[in-house]
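Undergrad: These are the residues of each chain, in order.
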Amino acid sequence: KQEVTQIPAALSVPEGENLVLNCSFTDSAIYNLQWFRQDPGKGLTSLLLIQSSQREQTSGRLNASLDKSSGRSTLYIAASQPGDSATYLCAVEGAGGTSYGKLTFGQGTILTVHP
Amino acid sequence: DGGITQSPKYLFRKEGQNVTLSCEQNLNHDAMYWYRQDPGQGLRLIYYSQIVNDFQKGDIAEGYSVSREKKESFPLTVTSAQKNPTAFYLCASGDYRGPADGYTFGSGTRLTVV
Numbered sequence: 244k245q246e247v248t249q250i251p252a253a254l255s256v257p258e259g260e261n262l263v264l265n266c267s268f269t270d271s272a273i274y275n276l277q278w279f280r281q282d283p284g285k286g287l288t289s290l291l292l293i294q295s296s297q298r299e300q301t302s303g304r305l306n307a308s309l310d311k312s313s314g315r316s317t318l319y320i321a322a323s324q325p326g327d328s329a330t331y332l333c334a335v336e337g338a339g340g341t342s343y344g345k346l347t348f349g350q351g352t353i354l355t356v357h358p
Numbered sequence: 557d558g559g560i561t562q563s564p565k566y567l568f569r570k571e572g573q574n575v576t577l578s579c580e581q582n583l584n585h586d587a588m589y590w591y592r593q594d595p596g597q598g599l600r601l602i603y604y605s606q607i608v609n610d611f612q613k614g615d616i617a618e619g620y621s622v623s624r625e626k627k628e629s630f631p632l633t634v635t636s637a638q639k640n641p642t643a644f645y646l647c648a649s650g651d652y653r654g655p656a657d658g659y660t661f662g663s664g665t666r667l668t669v670v
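For the protein sequence lines, the chains are A and B, in the order given.
If you count by my numbering, then the first sequence holds residues 244 to 358, one letter each, in order.
If you count by my numbering, then the second sequence holds residues 557 to 670, one letter each, in order.
Certain hints may be false.
Now the stretches of chain A that chain B is said to cover, found in silico as 3 or more residues with beta-carbon under 8 Å [to be verified]:
no., region
1, 287-293
2, 348-358
In silico DSS-like links for lysine-lysine, alpha-carbon gap of 27 Å or less [what the hints assert, rightly or not]:
no., chain 1, residue 1, chain 2, residue 2
3, B, K565, B, K639
4, A, K285, B, K570
5, B, K565, A, K285
6, B, K639, B, K613
7, B, K627, B, K565
8, B, K626, A, K285
9, B, K613, B, K570
10, B, K639, A, K311
11, B, K613, A, K285
12, B, K639, A, K244
13, B, K627, B, K613
14, B, K626, B, K613
15, B, K613, A, K244
16, B, K639, B, K570
17, B, K626, B, K565
18, B, K627, A, K285
Simulated from the structure, these hints should not be mistaken for lab results.
Beta carbons: idealized from backbone N, C-alpha and C, even for Gly.
Only chain B is shown next, with the shape it has when bound in the complex (with noise of 0.2 Å):
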């Protein structure tokens, strides 16, 4: 079955660590996408990549980094510098070019800073 594969599902960081989400898809679309959800708010986006090698800033960047070096996978990196890392994260995927069936999503990743 396509589909798009977060890991793990719950992460605990230290105060000072990196860590690294994982985010996998089969479903060979070009874009993907990374979000932040924080109690009663809507998803807000850290960082996109429309195709390998290339990535922009979304409209909540800072303290994150990404690397999109296969089409399959976008890890995230919260580094030290994310003073509230505290959140759920979603990973999305889509073909930027406009497909009927629109953007999948991952189950989520649970952060929780320790």
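Same shape as in the complex, but just chain A (with noise of 0.2 Å):
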């Protein structure tokens, strides 16, 4: 059965400052993963999806990396601001049999980023 973790748990750093989320994943035989971002009481907005035969994805300042033979992703923000305070979710979905077309959360990265 997939697992996916998400570490740290919370994370609050200065406004400016780059950081990064890991998301690891137990079973490699992955179709693709996805970054989400929620904002408490809220639905999710999705941010980057990588497919399994990808390395990464840029969007804006940005960037997610996937190694799908270690079961990692990395998720980079450059220059935090405030506003990216939320929380951040990963995610796989399977591929194959009946993992095909379902999608395992990690518990997700409460980010702070105080001005």
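Join these two chains into a complex; the hints should help.
TA: Right, here's the structure in full:
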């Protein structure tokens, strides 16, 4: 059974810092990996999706990498801002069999960026 | 604008009552999903449907039921058999053949037992 772990559980940084969020998964047979942002009491907003054949994706100040063989992904946020404060969730979609089309989520990293 | 609409935003249920959460999408996605989120926990899959008139149980389906009569709609019923239904419920859709833009989530329904 796929398990997804996110480290750290919470992170507090001053504005302007570069930071890294980590995600690891136990089964490397994945179709893709997706990073989401969730604001308190809200739904999820997709940030980046990396297909299993890709190594990284970039959008603005965000960069996500994927090392499928080692079961790891990182989300890099450059020059953090208070508006980046949210919970960041990592999710993998299984490949093949009954895992196809299903997302398994990590528990998230709560990020606080203070002015 | 394309997206997913969940309603209501807040829902209160009395003990022993069934309630239905609505989820509608206009993204022309084949697949739709229901997740439950509890404080301090990740999202857990309740049910999913990859095509009209077909759906599968997720990891925590007990006490829930769904239907998929139309591509656009995937309502979730929380039955009286669900012993601890208070949670935040999220609906999502995607093309199960694997789109480049991944999955889209609704804004959620917060269900509280009173």
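Undergrad: Against which earlier hints does the structure fall short, listed by number upward?
TA: Number 10 only.
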